[in-house]
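Let's have the full structure, built from the sequences with the hints guiding it.
As a plain string of letters, each chain reads:
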Amino acid sequence: MSDQPDNPIRTAIAEAIAENPTILFMKGNPDAPACGFSARTVGALQALHAPFAAVDILPDPRIRQELSAISGWPTIPQLFVDGELVGGADIVAEMYESGELADVLGVEEAGEEPVAPEVAATPAPMSIENRLN
Amino acid sequence: MPTAEDVRRSIENGIPGARVEVESPDDVHFSARVVAEAFVGLGRVQQHRLVYDTLGPGEPGGAIHALQLKTETP
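So the sequence lines, in the order shown, correspond to chains A and B.
For the first sequence, this note's numbering begins at 687 and goes up steadily by one.
For the second sequence, this note's numbering begins at 98 and goes up steadily by one.
The reader is advised that the hints may include incorrect statements.
With the Cβ distance kept under 7 Å, some of the chain A side facing chain B (calculated, not the full set) [stated by the list, open to error]: (1) Pro760; (2) Gly773; (3) Ile777; (4) Val793; (5) Glu795.
Negatives, chain A to chain B, calculated, CB over 12 Å [stated by the list, open to error]: (6) Leu734; (7) Ala739; (8) Glu770; (9) Ala788; (10) Ser813.
Simulated from the structure, these hints should not be mistaken for laboratory data.
These numbers come from a predicted model, not from an experiment.
Heads up, the beta-carbon is just placed ideally off N, CA and C, and yes, glycines get one too.
Here is the structure:
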């Protein structure tokens with residue numbers, strides 16, 4: 687296995703993970719998830735009104751390859767908090783149900799009273815491919 | 098294409114002593130529940146990695162498009 691010091695995609699992904707306290711790698715974007723697993727995970731984050739950065743892995747297959755190489759995790763979505771892989775769709779759903787996700791994210795658990803959707807934190811879409819020259 | 102039975106066997110072979118239930122409506126999407134002593138002391142991410150590792154490289158197990166996974170300790 688050769689180290690590839692000049693791998694701009696891997697570097698961009700690693701920087702994005704380091705720079706964003708909560709970052710979700712997904713298929714599509716939060717407003718239009720392109721996969722049910724990504725949609726479920728976005729839904730859990732939005733239900734908690736947790737701010738998060740989102741990266742669409744679909745524009746370039748190398749994003750997904752490099753992401754999985756970094757994380758050792760084969761599937762999408764992947765949620766990172768403070769640089770650590772929290773999990774994929776199943777784990778995030780389980781942690782949402784148990785209240786652990788709110789703890790990890792440092793937010794209040796979803797209250798009983800529904801909050802107007804416009805109050806929900808708007809995730810900042812981020813494009814790894816745009817960070818490449 | 099792998100069947101639910103193939104997936105179950107792969108996980109059981111890879112994690113000796115694990116209790117494994119696998120369902121699949123179409124041999125493409127799988128749902129698995131794995132209870133194993135090997136998970137004790139591990140976080141969920143590590144538990145899921147152990148299972149993925151039994152299914153080979155790629156998007157879990159290559160031919161397996163999607164695996165919904167629940168891991169538990171005995």
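Status of the hints after comparison with the structure:
no.: 1; hint: Pro760; verdict: holds (5 Å)
no.: 2; hint: Gly773; verdict: holds (5 Å)
no.: 3; hint: Ile777; verdict: holds (5 Å)
no.: 4; hint: Val793; verdict: violated (19 Å)
no.: 5; hint: Glu795; verdict: violated (19 Å)
no.: 6; hint: Leu734; verdict: holds (18 Å)
no.: 7; hint: Ala739; verdict: holds (20 Å)
no.: 8; hint: Glu770; verdict: violated (8 Å)
no.: 9; hint: Ala788; verdict: holds (16 Å)
no.: 10; hint: Ser813; verdict: holds (22 Å)
The structure does not agree with the numbered hints 4, 5, 8 stated previously, though it agrees with the rest.
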